[in-house]
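Taken in sequence, the protein lines are chains S and B. With the first sequence counted from 1, adding 1323 to any position gets you the numbering used here. With the second sequence counted from 1, adding 209 to any position gets you the numbering used here.
Treat the hints as calculated values from the structure; they're not laboratory data. Take these hints with a grain of salt, some might be off.
As the list claims (entries may be wrong) - SDA-like, lysine to any residue: derived pairs with alpha carbons at most 20 Å apart:
1. B:K379 to S:G1362
2. B:K379 to S:Y1360
3. B:K379 to S:P1361
4. B:K379 to S:S1402
What the hints assert, rightly or not - Partial pick of chain B residues on the chain S-facing surface, computed with a CB cut under 7 Å:
5. T215
6. D306
7. L309
8. I313
C-beta atoms are modelled at their ideal positions from N, C-alpha and C, and glycine is treated no differently.
What follows is the residue order along each chain.
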Amino acid sequence: MPHRIARHRPRPDVRPARGGEGPRDLAVEAEDLAKVYPGGQRALDGVSFSVGRGEIFGFLGPNGSGKTTTVRILVTLLSATSGAARVGGFDVSREPGRVRALTGYAGQFTGVDDDLTVRENLALSGLLRGLRRGEASARADELIGAFSLDQVAGQRARSLSGGLRRRLDLAQALVHRPSVLFLDEPTTGLDLQSRTALWGRLRDLSAEGTAVFLTTQYLEEADRACDRVAIIDAGRLIRAGTPAALKEEVGGGRLELALDGPADRAAAAALLAGSPAVIRAVPEEPDGLVVAYVADPAAAVGPVLRLLDSRGIGVAAVRQAQASLDDVFLRYTGARPRDEAPVTGTVSSMFAAAHGRRKR
Amino acid sequence: MKPNATPPVALVLAARNLARAVRTPMMVTASLAQPVIWLVLFSQIFRGLAGTQEFRSLGYRSYLDFFAPAMLVLSMLVTAMQSGMATVTDIDTGMMDKLLASPIRRSAILAGRVIADAVTMSAQGLLLLVAGFLLGARFTTGWAGAAVTLGSAVAFGVAWAGLSNMIALKSRNSELTMLTGMFVTLTALFLSSAFFPRPYLPGWLQAVTNVNPAAYVIATGQQLMNTGSSAGQDLRTLAAIAATALVLLPACAAAFRAATRH
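Pulled out of the complex, with its shape left as it was, chain B reads as follows:
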């Protein structure tokens, strides 16, 4: 950036949000190493499942290939939860007041958070893809499939961050934000094919996955890695991401306006 340029406030705030995270080594470890550790553990724990005829007949080569795309989404959702907690911290430290008392657009504060989240999630996702590759996972659909899987996971994660920020702004309580976010996030993951292939799930659960946007994103990643792309599935996932974003992000913006209405 040129020294005499006026950088957009959203980017300034995004850089500041990222600096906070990067300078806390435990945060970096937790947010980057944890998903990789989980990927390794899960793919070992459930490895036996891939030995069954039924599992293979679904087109999955190994549990790693099956689970890696779901792990990508899981890690985005965990990061999305932390986004709201960072917002609570900003409120607690008086940083939010400082931003609100500055002559900047309110939207830049949210945009700064969203951009920082997207960067963090992309870094996590790339690291996970590399780790998956090293462990032996391969995308049937190649680079394009990997890019779509990563892109859709990040987009969904950013939209999901609207939820934790909304809880954060309404409660101003980091424990509650954490607990509620954790509950909603894990529930969304269990109500999907993240851990077990869809045909293994009981009928009612299969029905629920039809209305769970996270399930679409996970299923698409799993398809792109294992069985190849299908235009219908891709479009449904795009719609699921868009619907999530259209509900949660405006709700978050509204919570922000309500919390900071002057």
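Chain S on its own, in the form it takes in the complex:
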């Protein structure tokens, strides 16, 4: 089911000019962004990346890694302590008005007015974006159709389920046909069906030239849906690239070895790490496995088993698997993004942190 968002106005050249790699082709550019909050907490520490037009760019990291801080800087809700960022070619701190006009934003805590109906919320968003009254209501109806909100269009937002709320929030962010869309954790709390539909919509938007910058903790989704991803941890951007390239870096595949009896897994991993067929080997704690990252699991399984056998380490079972972004994450951060307990802060404290006075 296509969820195409019709565009009235022809937009000038949304694709990168052929051969031209200049900054004008970039929807988002961040250079050495740093953010120190008033309490002295360093939320971002020299983050640089760029997002091309029409690209779906996933910002991956655990809670508190700096994802939301980055998004808030890019949508002009927060100023960077140092560094620079441009959105659509406009500097976020020097020309915030221009940036606001061309971006759409849906944050983690949705800006939906509970007491307004779905249609009124959409129309309000349109009016805030400078649409005329007639345009705003026409656009609201259009989005209600495109996002299958017809059943609830007249209901107050208060009565919406979490999934419908997110859908409304995304629709609101698109009311002015932004060329860059920022979504902070858009799939958190959504059921599988809503997620699939959301990714479908994002792909459609991307096909029409809209750049999508999103943060997520769901690596599997990011792997499938993002053109490129960046991994951020403790305020530092650790790695960026296409999911395929990142997975290749850690070795495209993994061999999961269950050792016989009380074998020393750390020693086995150290042994395997010395093998030319193995890129990296680690004992995996929760499963009691030894995992060897390899370029080609099928070709590596023989040498790996022979090597272990030569030292008298018995192997009870071997499983071959493709490397995932989880492995990439584990490799560079030493943890999976969702291993940590969820943050339980309130919106006010986030607002306080985000809008606190700039440190001089």
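Got chain S; can you put chain B on it based on the hints?
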């Protein structure tokens, strides 16, 4: 409004702020019925006071006539307190972020709040005047006096709303906004002739009323209803309202800038 007009953002936001209030029936009941109920109760509780020679000699016909203008101001100040709480709600629900990420003037956000407050206060005030009339209160100064009393109460209420919004933006905490606002508001009312005529107050309290802007607004309303207008009192009240607005509204705007500085 014509369908192809671009409405001013401040009006759009004011309409939205009012819609929020109107669609919560308890809010409407609380903000419109409560002042009327208080007016009825207070005018009954203190009715005996009006029987004393001293009270009558001050020119007050009844406690209702004495208290109705003060009740007008009281209800404006309570509404002004709620204004800040609505701001906290907007912050909590992410609405403020949405507004700040839109290409609209920052001042329109505050203006939208002020306009909505003024409309709410005017509606409350009109209802109170009608209720007072039905209970038997009459303005010695007629329609003009009623209009000035209402206008000055609304203007003062709007300026006062700057205080609760300032607390709201600094604390981002609705309980604290409520408590602080309640304390300041009730104190301002007690340090005035709202409940008892000024000559009944102890000397030090009378002195304090001289520096309490709310006391001027209340005293003027009481004069306009009971004893007639005096140009001096009216001018002092105008100055008190202007001073309150000039202190609190810029302070609120500054708190807003500090809270949303990007």
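Hints, verified against the model:
Taken as a hint, the K379 (chain B) and G1362 (chain S) pair is honoured in the structure, with Cα atoms around 16 Å apart against an allowance of 20 Å. With a C-alpha separation of about 16 Å, the suggested pairing of K379 (chain B) with Y1360 (chain S) holds against the 20 Å cut-off. Our distance criterion of 20 Å between C-alpha atoms is met by K379 (chain B) and P1361 (chain S), whose separation comes to about 14 Å. Restraint check: the Cα-Cα separation between K379 (chain B) and S1402 (chain S) comes to about 19 Å, which is no more than 20 Å; the hinted pair holds.
Contact between T215 (chain B) and chain S, as hinted, is supported at the beta carbon level, the nearest pair being about 5 Å apart and thus within 7 Å. Because the beta carbon of D306 (chain B) sits about 6 Å from the nearest beta carbon in chain S, less than 7 Å, this interface hint is met. Taken as an interface hint, L309 (chain B) checks out: its beta carbon lies about 6 Å from the nearest beta carbon of chain S, inside 7 Å. The beta carbon of I313 (chain B) is positioned within 7 Å of a beta carbon in chain S (closest approach about 6 Å), and the interface hint is therefore held.
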